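S.K.: Residue numbers (my numbering), protein chains in the order written: chain A, 1 to 446; chain B, 1001 to 1216.
Bear in mind the hints are in silico, worked out from the structure with no lab data behind them.
The structure displayed is predicted, hence computed values, not measured ones.
Here a beta-carbon is modelled for each residue, glycine too, at the ideal position from N, C-alpha and C.
This list has only true hints and no planted wrong ones.
If you want the footprint, here are the derived chain B segments under chain A, 3+ residues with CB under 8 Å: (1) 1044–1058; (2) 1098–1104; (3) 1150–1164; (4) 1187–1194.
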Amino acid sequence: MVQSGTMENESYQEHLKKLKDAIEKRNGKSVDELYHEKQKRLWDAIEMRQPDKVPVILGGTFFAAKYAGLPYSSAYYDPINWKKAYTKMIADFEPDTWGTAGAMSSGVALDTLKTKNILWPGGTLSPDVPEQTLDGEYLKEDEYDLFLEDTTGFLLRYYLPRIQGALEPLAKLPSLSDNPMMMMMFPFFASMLNSPEYQEVGRVLQKAGQAQAEHLQAIGNMQEDMAYLGFPPMSERGPFLGPAFDNMANAYRGWKGIVKDIYRRPEKLIAALEKINRGQLSSIQPADTSKPGPKLASAGAIHRGSDDFLSKKQWEQFYWPTWKKAMMKAIESGYIVNIFAEGYCENRFEYFLELPKGKVLIRFTDTNMFKAKEILGDHVSLMGSVPMDLLQISSPSEVDEYCRKLIEICGKNGGYIVRTCTDYIQDAKIENIKAMMDAVKKYGAY
Amino acid sequence: MNDGLIKAVSEIEEDEALRLVQKALGEGHNPLDILKDCQTAMNIVGERYESGEYFLTELMMSGEILQSISDILKPVLQEQTDSSAGDKGQKGLIVLGTVRGDIHDIGKDIVGFMLEVNGFEVYDLGIDVHESKFIEAVRDYKPQVLALSGFLTLAYDSMKATVEALSKADLRDSVKIMIGGGSQIGENVKNYVSADAFGKTAIEAVRFAKQWITSE
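Generate coordinates for the entire structure from the input sequences, incorporating the hints supplied.
M.R.: Here it is, written out as structure tokens:
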């Protein structure tokens, strides 16, 4: 279950043991019993049945740190203490499963690579400011043809040098696809790398790779640790099928860039979206039906596709076709698609209804949940959305009242999971998170 | 008034808009009149955005078109005006920035742009702006309005700290304060921060500025 060996791991193991004992004592049940109760509750809700109680999910990479009195940077630089904090948060609040536990990058690796597109606590941000991403045109408007014809070349010679400061020398590499002879006569190519700057690139990659491997090893297998404490995963991990439009906007063109593309080069933008989509379609393997329970495929988050950003016409032209294709293939392959609809998404309800009934789980952020229940409730299962302004500013009694209403209306007939509007809940008052969890216990039984 | 140009800009037809600007210049029209038509077009864009006919894409692309038109007109106008509208700064001063700890700028930039198009002078302090920078700017520029932007939830506290710092520096009563950014910024956050108003869109920011400064 938990790796042992070093002193640190032994003390982590002891920490888990204490948490487990406390959970069993508090509930008067074994963690195995709790695991199966929670699992059934979640599966029922995901598959639109009425469980014994409304399930609730809690996540929060940085909230966990705050809860344990650690800086946010611990998630990047102090993984063992951070995972102690995270497991303690879950054990204390006892949701049905855990949400975002996102300490997946080593701060040392990011430092070593001189990463530019992400700012992170303890590195390029102060230790108590959460991670943020810099929106930018990392693919220039005149580079679409290169991206379409030689994606690997673009990524290696243009993209990486732009987002990883330490990899800038890669920008000077010759185009490999234009020089087949160079691959045939490989020693000549190798000789080009015999310069101090490429030796430095090699050293950086080795150091960053080692730091990341150590980080991941320290984090270990969170799913196993959670199972040990009686918390099942929402589902086994399925394919990731985030909207191609947001892939393009977030990773390559930035919001400003993609707006210009919509008007100035729509054909190229669509060609790029279709290329990303082809990659997604080929990545979908059939769900493993030998195991029980629903299989979730992550359909990613709606970022630039929410009501404010795109008109229906633009959504229909650029956003929905490739995304729908990816989700349909996942559904046909045995998955339920899990959508995180950020922002306001009421204008997208009619499109969600195009997906097969019972095969979709949607988490909303700002969308009116009551309206979502009314219009979508017979077709998809719903998750969300306790607002952050309530959790941050209001009182526990106001949180209690809001959650009561959510459970009463959205929880009707099942197919509903309570969750905060985002897992970036580090600015919430701890007593308000407690009030939310208590409200689910108080009002959640069917 | 050049109806064709107004239509082209307000319907986000970039090529046609630029062609009509070149044509008008060739025919000897005053560049300031051309800018005035652009402003009329931008008001139409704003109205359509507010009524739900247009979205952020149209708002941003109209800004791109206006930028291209300004680039054509600049050499002709020489130093009479700069990047946006003809009567920039005549209506009043606004200090704008994304508050401490937050680096989001899409919303802030749209607000700044729409305020400029509507004739306000905007001092944009950028992103991750510390309270002391806002105080300095309010003291030095004496704006009528301070516009605080933020997307992350930590922005609520940074906004609150900024307003408190202004009070301590005896500057709170010298400015009206509006806040906006994250979709959950509403009445609750406005009261928490002790701001004068919150806006969900850039158009609302323009409306507050007009109300407070020019009583339009």
